[in-house]
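Q: So the protein sequences, as listed, match chains A and B.
Counting in the numbering used here, the first sequence runs from 1 upward without gaps.
Counting in the numbering used here, the second sequence runs from 1 upward without gaps.
In case anyone wonders, no lab produced these hints; they're calculated from the structure.
Glycine residues also receive a C-beta, built at the ideal position from the N, C-alpha and C atoms.
Treat each hint with caution, since some may be false.
[Said to hold, decoys possible] Computed list of chain A residues with no C-beta within reach of chain B, every gap over 12 Å:
{"id": "1", "residue": "E7"}
{"id": "2", "residue": "E9"}
{"id": "3", "residue": "L11"}
{"id": "4", "residue": "A24"}
{"id": "5", "residue": "P91"}
{"id": "6", "residue": "T166"}
{"id": "7", "residue": "P167"}
{"id": "8", "residue": "V209"}
{"id": "9", "residue": "V213"}
{"id": "10", "residue": "V239"}
{"id": "11", "residue": "V252"}
{"id": "12", "residue": "R258"}
{"id": "13", "residue": "R264"}
{"id": "14", "residue": "L277"}
[What the hints assert, rightly or not] Think about it this way: if two alpha-carbon atoms lie no more than 30 Å apart in a straight line, the pair counts; the simulated DSSO-like pairs of lysine-lysine are:
{"id": "15", "chain 1": "B", "residue 1": "K438", "chain 2": "A", "residue 2": "K121"}
{"id": "16", "chain 1": "B", "residue 1": "K434", "chain 2": "B", "residue 2": "K217"}
{"id": "17", "chain 1": "A", "residue 1": "K121", "chain 2": "B", "residue 2": "K294"}
{"id": "18", "chain 1": "B", "residue 1": "K252", "chain 2": "B", "residue 2": "K294"}
{"id": "19", "chain 1": "A", "residue 1": "K116", "chain 2": "B", "residue 2": "K434"}
{"id": "20", "chain 1": "B", "residue 1": "K312", "chain 2": "B", "residue 2": "K252"}
[What the hints assert, rightly or not] Label pairs and their in silico Cβ distance ranges:
{"id": "21", "chain 1": "B", "residue 1": "A282", "chain 2": "A", "residue 2": "A151", "range": "42 to 50 Å"}
{"id": "22", "chain 1": "B", "residue 1": "K434", "chain 2": "A", "residue 2": "Y330", "range": "27 to 35 Å"}
{"id": "23", "chain 1": "A", "residue 1": "Y330", "chain 2": "B", "residue 2": "L395", "range": "38 to 46 Å"}
{"id": "24", "chain 1": "A", "residue 1": "A327", "chain 2": "B", "residue 2": "R43", "range": "24 to 32 Å"}
{"id": "25", "chain 1": "A", "residue 1": "N51", "chain 2": "B", "residue 2": "L139", "range": "36 to 44 Å"}
{"id": "26", "chain 1": "B", "residue 1": "D169", "chain 2": "A", "residue 2": "L11", "range": "16 to 24 Å"}
{"id": "27", "chain 1": "A", "residue 1": "N51", "chain 2": "B", "residue 2": "S429", "range": "24 to 32 Å"}
{"id": "28", "chain 1": "A", "residue 1": "E9", "chain 2": "B", "residue 2": "A172", "range": "22 to 30 Å"}
{"id": "29", "chain 1": "A", "residue 1": "V305", "chain 2": "B", "residue 2": "L395", "range": "19 to 27 Å"}
So the chains spell out like this:
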Amino acid sequence: MFGFGTEYEGLAFWLPVIWAGLIAVAVAMYVIVDGFDLGVGILFRSAREENWRDRMMFSVAPIWDGNETWLILGGGGLFAVFHLAYAILMPALYVPIITMLIALIFRGVAFEFRFKSDRSKFLWDNAFHFGSLVATFAQGVVLGAFVQGFAHDGRQFTGGTLDFLTPFSVLTGLGLVCGYGLLGATWCVMKTTGELEIWARRMAVRFLVATVVAMVLVSLWVPFLGRQIEARWFSWPNVALLAPIPLVTALVAYRLYRDLETGRPMRPFFLAIALFLLGYLGLGVSLFPYIVPPSLTIWQAANTVSSQLFALVGFAVVLPVTFAYTAYAYYVFRGKVAEEIRGGGYGYH
Amino acid sequence: MELDALMLSRIQFAFTISFHIIFPAFTIGLASWLAALEFNWLRTGNPIYRNLFRFWVKIFAISFGLGVVSGIVMSYQFGTNWSRYSEFTGNVLGPVIAYEVITAFFLEAAFLGIMLFGWEKVGDRLHFLATCMVALGTLISAFWILSANSWMQTPAGYAIENGKAVPVDWFAIVFNPSFPLRYAHMVLGAYLTTAFAVAGMSAWMLLRHGRDAPEGKLAGARRSMSMALWFAAIFVPIQILVGDLHGLGVLKYQPTKLAAIEGNWERQANMPLRLFAIPDEAAETNRYELGIPKIGSWVLTHAFDGVVPGLKDVPPDERPPVLPVFFSFRIMVGIGFAMLALGLWSLYLRWKGQLFTNRLFLTATMLMTPSGFGAVLFGWFTAEIGRQPYVVYGLLRTADAASPVSATAVSASLATFVVVYAFIFGFGSYYLAKLLRKGPEPIEGLDEDALSKKPKRPFSVPDERLEGQRPQPAE
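Next up, chain A with everything else stripped away, as it sits in the complex (with noise of 0.2 Å):
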């Protein structure tokens, strides 16, 4: 079915294709709200007044929390139902996903301590930045590392704990850097004003630069990492059917760019989300259906099919739920922040 020559029938086949894509979506969910997050702390230490850092950090203070539990999601969906690939994906990323929960962790704690403190202050700007940076990193460089694809022998890693790392694992490290990094700049610009806003501005136009490169420099090294991929993307009728995906990506780039010029305030924000999603959208084609590259596929990496089941029953019950109230969430911290942060500020800390 469908050339992924699978021996996987009814809902054997059809659990893993929706779960995968359930997970994609939760991914794409983390990669954009906790990447705008994220990207207001890689632009906080560049912000010139102790204002502007407060109320960047306002900004996102609210809803941080929530972003960042997509990540939970993601690694307790891989659990849930593709927990041969968790149990391979883990061990083989060891050395990213430690430093990335560490930085996490400064980062996290850093909302709490920051307004709290008044010596120690400059102490949790630089963990709310490096925290930041180095969190997306490390991110950067795992999407990297899984592109790249590990040794295993179908059920454990057999690789070593250096193998992560690669000249194009550093690449897609500072690639996703810069893309947070215009994440969180076209969020500013949609959240603040005066002075602040017309920085945010200047810094998205740097980091969509930035972000074009590395996203030019990742597409054109994939598929020569592995043939699969570039059979994927060369191979004819493909060839037709792929191509909108870099030119649409290089028309919303365009778009965004004029934007930031001509001073629009929102839609900078969700161009710079749509240009994530088109290259997501490349990677996806490029990897699907395999969940531990380069060859373990959904199927064969799937949980039972009782448990799949069992946890879809929760998804489709609780996740439209869950979206309504976060959207309510944002909706209560909609429009941009004071230009004032007063001692109150929203009537906390």
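Use these hints to put chain B onto chain A, whose structure you have.
A: This is chain B only, laid out in the frame that chain A set:
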């Protein structure tokens, strides 16, 4: 003891989870405490409750933040350090953990933002709803994580296929034999942890400020302490009962763990209640044993001649380390009875009208501030070490659960966690101490007599708000 990747991973897991559990144990109770305060504010319009809410919510936010960041570490460690455990249990526990994320974590996180930052944006009632949702989220989270943990203690509803556990009956998996009482025991433990922490911190404020401090400063501490001690006086006895019932489950499903808890080497009737002993694993006996004859059997089986299983029922490589299990259980129980004593004392002083004035009692209450944390930690040591050498009782040995990662990588991560947690915890405690020293903002112009002497108005009477007292939303 060889420091290979397995042992290092065990140390790392024990360290990170011991650090983590402190915060949920506190915030599960604090979230409900905040909901109770806000409910009272909405019901009575008494500004003291809103004032208390605004104080405790800061303590909550710091604790919750530390719990979240250390919790993310836990969720990834199953894979990074225990991949063969993940492979063995994934079909069964994967969905259970996923349910925790989608039913609890998102709920907590989304409404936490509104609870902390949104009061003037959403109004009183919606804000109260947000607080309740955060409290509910903590309870749901505990539900799933304790279900998963209980399944590892008393597996049910599964079959073994190709060397892996696969689900057969989801209801039996989630509501496995030890789950209901373990959940009740843990949630009560968390509530009591909060109650004693709140009572202790309030007692400290009362002692510190003395009787001459302005009423606006002390009224909140008195109210907090009184509420927390009511809770403790009522629920400590219930907790002891629940703990006893939970013990009966251990006797039934994990006899070897029970034997280790009791330091009982030989299967025997008329087992004494061992108050003290030093178990000697090499000699398979106890040294310096001090016990009350027959009472041990009576406590466990509710019959003086009840037969209690012994450690020698199983070969040595099936036994947990006896010494730490034996002692951590006794520490937990000892703390429990100290809590009981304080609760009874508080009732007596209340009756005498000296609850806030007896300095000896206030000092004792202050010293009990960390008691709940201790009880929870040592309770978990008992449960988790008592399960060894299995990670899934009777099915998967801890030694067969670890990841194929290098000892170098794990020692580096372990060292990093120790340093980072010490740093974070140090600063967290420092800011908490700063908040506590400052105490709640004094309520200005508070009519002291009205506040302390007027009887509570019934629910149905419309609020007569203290004019101009109700804090207006900030800009």
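Q: Since A24/A was said not to touch the interface, does its Cβ keep a gap of more than 12 Å from each Cβ of chain B?
A: With a cut-off of 12 Å, A24/A remains clear of chain B, as the shortest Cβ separation is near 15 Å.
Q: Hey, does P167/A actually stay past 12 Å from chain B on C-beta?
A: 22 Å, holds
Q: Per the stated criterion, does the least C-beta distance between V209/A and chain B lie above 12 Å, as a non-interface residue requires?
A: Given a closest Cβ separation of 33 Å, the condition holds.
Q: Is the Cα-Cα distance between K438/B and K121/A 30 Å or less?
A: Within the cut-off at roughly 19 Å; holds.
Q: Assess, step by step, whether the Cα of K434/B is no farther than 30 Å from the Cα of K217/B, and give holds or violated.
A: 16 Å, holds
Q: Take the C-beta atom of E9/A and the C-beta atom of A172/B, compute their distance, and say whether it sits inside 22 to 30 Å.
A: 29 Å, holds
Q: Between K252/B and K294/B, does the CA-CA distance stay at or below 30 Å?
A: Holds, because 19 Å separates the two Cα atoms, which is no more than 30 Å.
Q: Just want to verify: R264/A was marked as not at the interface with chain B; is every Cβ pair farther apart than 12 Å?
A: The assertion about R264/A holds, with a minimum of 26 Å to chain B.
Q: Quick check on a hinted range of 24 to 32 Å for N51/A and S429/B, using CB atoms only.
A: With a Cβ separation near 29 Å, N51/A and S429/B satisfy 24 to 32 Å, so the hint holds.
Q: Can we confirm that no CB of chain B comes within 12 Å of the CB of E9/A?
A: 19 Å, holds
Q: Do the Cβ positions of A282/B and A151/A conform to the proposed distance bound of 42 to 50 Å?
A: 44 Å, holds
Q: Taking the closest pair, is the beta carbon of R258/A still more than 12 Å from chain B?
A: 33 Å, holds
In summary, the numbered hints that this structure violates are 5, 17.
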